[in-house]
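Asker: As a plain string of letters, each chain reads:
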Amino acid sequence: MSDAAVSGGGSGFLQKLPGAIPGLVLIVGTMVVIRYWIEPWMSTVVLFDQKGWLVKVVHLNYILLGIIFGMIYRNVIFGGKLPNLFVDGFRLSRLFIKTGIILLGSLYTVQAIVQLGAIAIFLIGGFVILSVVMVLWLGRLFSMDRSMTGVLANACSICGVSAAIATAPAVEAKPAHVAYAVATILGFGILTMFISPFIGHALDLTDLQYGAWVGTGILNSGQVLAASLAFNPNIAPGTAVSVAEIWNIMRVISIPFAVFAVTVWYWAGAQGNGGAERKTIGQLFVEKFPVFVLGFLVMVILTSIGAFGDVGMKGGPAASATIKMLRLWMTWIFGIGLVGLGGYIDVRELAQAGGTPLKVGLIVGVTKYVLALLVVLAIRDYLVAI
Amino acid sequence: MAEERIGSETVASAEKGKMTLFRDDRQEDWGAIILATLVVALIIVLTMK
Chain A
0 MSDAAVSGGG SGFLQKLPGA IPGLVLIVGT MVVIRYWIEP WMSTVVLFDQ KGWLVKVVHL
60 NYILLGIIFG MIYRNVIFGG KLPNLFVDGF RLSRLFIKTG IILLGSLYTV QAIVQLGAIA
120 IFLIGGFVIL SVVMVLWLGR LFSMDRSMTG VLANACSICG VSAAIATAPA VEAKPAHVAY
180 AVATILGFGI LTMFISPFIG HALDLTDLQY GAWVGTGILN SGQVLAASLA FNPNIAPGTA
240 VSVAEIWNIM RVISIPFAVF AVTVWYWAGA QGNGGAERKT IGQLFVEKFP VFVLGFLVMV
300 ILTSIGAFGD VGMKGGPAAS ATIKMLRLWM TWIFGIGLVG LGGYIDVREL AQAGGTPLKV
360 GLIVGVTKYV LALLVVLAIR DYLVAI
Chain B
0 MAEERIGSET VASAEKGKMT LFRDDRQEDW GAIILATLVV ALIIVLTMK
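From first to last, the protein sequence lines are chains A and B. Read left to right, the first sequence gives residues 0 to 385 (numbering that gives the first Met the number 0). Read left to right, the second sequence gives residues 0 to 48 (numbering that gives the first Met the number 0).
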């Protein structure tokens, strides 16, 4: 671990932590109310002559409700801006999501990942390359600013916000470029996050097919997580979230490579105003590699060697008490993280995405989303269950 | 004027650091690893026979 993480930045975090308590209490309290009162009520209430209509037909669950509550806090109750009292608590939301993803490593074994690997790498790699090439081509076609094109290319191809921000300094992007790219992909991503579970249920997709689809077709990591848990809130090997996240992790790992590729493209065609840094792939890899993925891999290895007991794979022994508790805690950790994520969605900001970046982002986003579904349906017999 | 209006501290933030209590993404990653380690250790202790 870096010294900074322990010393300067670490103590900074610890100093800020007490200020995060009110927001954290609001988020945790919201999830408690949703899981102990609203969810049980939804499964018993009769609407349109059907008991549990909200759950069975609308497929509402604690994940969707958590995001919706977060959005209501910011956009309705607090009038578009979180009060200072709660801001720091909401700033912990990504920490919870990343922690949950690390713990998700307990759903996999090394053997299962190797089995899944070839087809996942083929699909993810193919879609990343397709998206980058499409944005670069459309950017040229619509005479879009070169920096804007570079940022949007990686935003649409990998994992949205992280990729846009990672690419920005390498292609001399202005804050407005990043803001437009992020607002475009998030606007589209939020739409896909809410409609994907309904499409998945309407098409009667299995967890494997649905996970492969959203893990490939949805642009942003948080939205992949939300869409897969909204489809099936269970966390276990073979569920939608376990498939979608292994797909997503492979995409996240490709961030440094995609940043490098777009940087090379940018400088190959730049008109010689050498203001931005030129970095080697080694430097980019060290700087941009998402370190929390290492935690996920350690969890996979520990699970594979039986450190937590039986994992409850289909056809094998039942899951151990440790694994069962881990999965239960994960549902809470993700639930808390996604209430926080909802609190960061400002509907007015999304409306600011516009012009050519919006047009290009939507063309590429829709193409990727639809094509991923078609490809997954076409190769459904070859998808490897884990 | 997207620079001024977009992303003071939201998902559309151009400055991602404002979405985290940590100094940057890398530190948040380490924070998640530490928190996950604590969670796993606690669960192991709680489920110990």
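Hints may be right or wrong, so weigh each one.
Derived list of chain A stretches under chain B, where covered just means 3 residues or more per stretch with a C-beta under 8 Å from a C-beta of chain B [said to hold, decoys possible]: (1) 97-107; (2) 293-302; (3) 316-324; (4) 359-371.
No wet-lab data here; the hints were simulated from the structure. Remember, it's a predicted structure, so these values are computed and weren't measured experimentally. Glycine residues also receive a C-beta, built at the ideal position from the N, C-alpha and C atoms.
Asker: State for each hint whether it applies.
Answerer: Against the structure, the hints come out as follows:
Counting residues of the stretch 97-107 of chain A whose beta carbon lies closer than 8 Å to any beta carbon of chain B gives 5, which reaches the threshold of three, so the coverage claim holds. For the stretch 293-302 of chain A, the stated coverage by chain B is satisfied: 3 residues place a CB nearer than 8 Å to a CB of that chain, which reaches the threshold of 3. By the rule of at least three residues with a Cβ nearer than 8 Å to a Cβ of chain B, the coverage given for the stretch 316-324 of chain A holds, with 4 such residues. With a threshold of 8 Å between beta carbons, the proposed coverage of the stretch 359-371 of chain A by chain B is violated, since 0 of its residues qualify and at least three are required.
Comparing the model with each earlier hint shows a violation of hint 4 alone; every other hint is respected.
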